[in-house]
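S.K.: Spelled out from the first residue to the last, the chains are:
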Amino acid sequence: MAKGINFSPVATDTAESMDSLVKYILNLNISPEEKITRLAKSFNLVGSDFYIQMFEANSQLFDSTAIGTDYSEMTDQIDCLSRKIVQNDNLGRPVDRLTKDFYDSALGKAQHEAFVNAVSLDKHPTLTRSMVGETCDWCKKKAGVWVDPDAELFTRHADCDCLFVTSGYNSRNGILTNYRKARK
Amino acid sequence: MTENQRNYLADLAGQKGIRLSDTDNWSVAKASEEIERLKEMPDATFDEITEEEIEQIDKMTARTMDELHKWGFNNG
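If you read the sequences in order, they're chains A and B. With positions in the first sequence counted from 1, the corresponding number in my numbering is that position plus 47. With positions in the second sequence counted from 1, the corresponding number in my numbering is that position plus 1.
No wet-lab data here; the hints were simulated from the structure. Glycine is no exception: its CB is placed at the ideal position from the N, C-alpha and C atoms. Check before you lean on any hint, since a few could be wrong.
Pair ranges (Cβ atoms, derived) [claimed, not checked]:
| hint | chain 1 | residue 1 | chain 2 | residue 2 | range |
| --- | --- | --- | --- | --- | --- |
| 1 | B | N5 | A | V192 | 17 to 27 Å |
| 2 | A | D123 | B | D59 | 38 to 48 Å |
| 3 | A | V194 | B | D59 | 42 to 52 Å |
| 4 | B | E34 | A | V166 | 31 to 41 Å |
| 5 | B | S28 | A | D66 | 55 to 65 Å |
| 6 | A | G115 | B | I36 | 45 to 55 Å |
| 7 | B | I19 | A | Y118 | 15 to 25 Å |
Here are some, though not all, of the chain A residues that point toward chain B, as calculated from beta-carbon distances under 8 Å [to be verified]:
| hint | residue |
| --- | --- |
| 8 | P56 |
| 9 | V57 |
| 10 | T59 |
| 11 | M65 |
| 12 | L75 |
| 13 | N76 |
| 14 | P79 |
| 15 | Q100 |
| 16 | D110 |
| 17 | M121 |
| 18 | D123 |
| 19 | V133 |
| 20 | N137 |
| 21 | D143 |
| 22 | R144 |
The calculated lysine to aspartate or glutamate pairs, modelled on DMTMM-like cross-linking and capped at a C-alpha distance of 20 Å, are [claimed, not checked]:
| hint | chain 1 | residue 1 | chain 2 | residue 2 |
| --- | --- | --- | --- | --- |
| 23 | A | K88 | B | E49 |
| 24 | A | K88 | B | E4 |
| 25 | B | K17 | A | E80 |
| 26 | A | K131 | B | E4 |
| 27 | B | K17 | A | E81 |
| 28 | A | K70 | B | D48 |
| 29 | A | K88 | B | E53 |
| 30 | B | K60 | A | E103 |
| 31 | A | K147 | B | E68 |
| 32 | A | K70 | B | D12 |
| 33 | A | K70 | B | E4 |
| 34 | A | K228 | B | E56 |
| 35 | A | K131 | B | D23 |
| 36 | A | K88 | B | E54 |
| 37 | B | K40 | A | D66 |
| 38 | B | K60 | A | E81 |
| 39 | B | K71 | A | D66 |
| 40 | A | K131 | B | D25 |
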């Protein structure tokens, strides 16, 4: 089996990039509803792109690209996220963690869907979920090497720093930057 | 404060155009007091979003998507 890949840095990069946009919208003197609408629109656009990219990356890794994604817009989740961001901002609470949690969650869903497809094609990828330092009982129960993991194993609690590594057949030597497109 | 109070307070603050601070450890009593204070205030007047602002949002969204597309996840 090829070396595993941790795709979380892509979620982190995307969340950080979205944070500037979120801050820009929150600082406009527009109504809270308008802020929610604008946030939701951007999260929808970037979220769907992110999901599909992560699904395709994992399908390639699992050698299951023959099956496409059933992706349907995460509209409810995004509306809820956008409202929560505006509410947290009104309360003077940080909002960056919400954005990161959203992309972590989207990554987990995309990976789970790719797993289900791979298993149906009689492939045997694995998810290795490991803890980083001190952690909670909830994470301890989910740590391990999993074949055909259920969706629950991809979930995180707030501020969860567990490491998720997916392994399969084509991981480009397990180095995430090997997925970077060559500069033209 | 309770979750319901937190949501209500957040929406009320937004309606009044107020950004509160240090609300994490507020008690139920403190939150109730703040809710009453905010209710007394007039609603804020907000601007319509401008074309320039929409353009800037679109530009920032496109930039994030461009960054995502720099990964070659879908070309084997």
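S.K.: Just to be careful, I want the Cα atoms of K88/A and E54/B compared with a cutoff of 20 Å; is the pair within it?
M.R.: 14 Å, holds
S.K.: Have a go at the N137/A hint: is there a Cβ in chain B nearer than 8 Å to its own Cβ?
M.R.: Holds - the Cβ of N137/A comes within 8 Å of chain B, reaching about 4 Å at its closest.
S.K.: Can you confirm whether the C-alpha distance between K131/A and E4/B stays at or below 20 Å?
M.R.: With a Cα-Cα distance of about 12 Å, the restraint between K131/A and E4/B holds, given a limit of 20 Å.
S.K.: Does the nearest C-beta of chain B fall within a distance shorter than 8 Å of the C-beta of D123/A?
M.R.: Since chain B brings no Cβ nearer than about 17 Å to D123/A, farther than 8 Å, the hint is violated.
S.K.: Interface hint check: Q100/A, Cβ to nearest Cβ on chain B, cutoff 8 Å. Holds or violated?
M.R.: Holds: closest Cβ of chain B sits about 5 Å from Q100/A, inside 8 Å.
S.K.: Hint check: K70/A vs E4/B, CA-CA at most 20 Å. Holds or violated?
M.R.: It is violated: about 24 Å lies between the C-alpha atoms, which goes past 20 Å.
S.K.: Was the hint right that N76/A lines chain B, CB cutoff 8 Å?
M.R.: Constraint on N76/A satisfied, holds at 5 Å.
S.K.: Assess, step by step, whether the Cα of K131/A is no farther than 20 Å from the Cα of D25/B, and give holds or violated.
M.R.: Satisfied, since the Cα-Cα distance of roughly 15 Å is no more than 20 Å.
S.K.: Using the beta carbons of I19/B and Y118/A, state whether their distance is inside 15 to 25 Å or not.
M.R.: 39 Å, violated
S.K.: Measuring from the C-beta of V133/A to each C-beta in chain B, is the shortest one below 8 Å?
M.R.: At 6 Å from the nearest chain B Cβ, V133/A passes the 8 Å test, so the hint holds.
S.K.: At the C-beta level, are S28/B and D66/A separated by a distance inside 55 to 65 Å?
M.R.: 31 Å, violated
S.K.: Has the hinted range 17 to 27 Å been met by the Cβ atoms of N5/B and V192/A?
M.R.: At roughly 42 Å between Cβ atoms, V192/A and N5/B fall outside 17 to 27 Å, so the hint is violated.
The structure shown violates the earlier hints numbered 1, 2, 4, 5, 7, 8, 10, 16, 17, 18, 21, 22, 24, 30, 33, 34 and 37.
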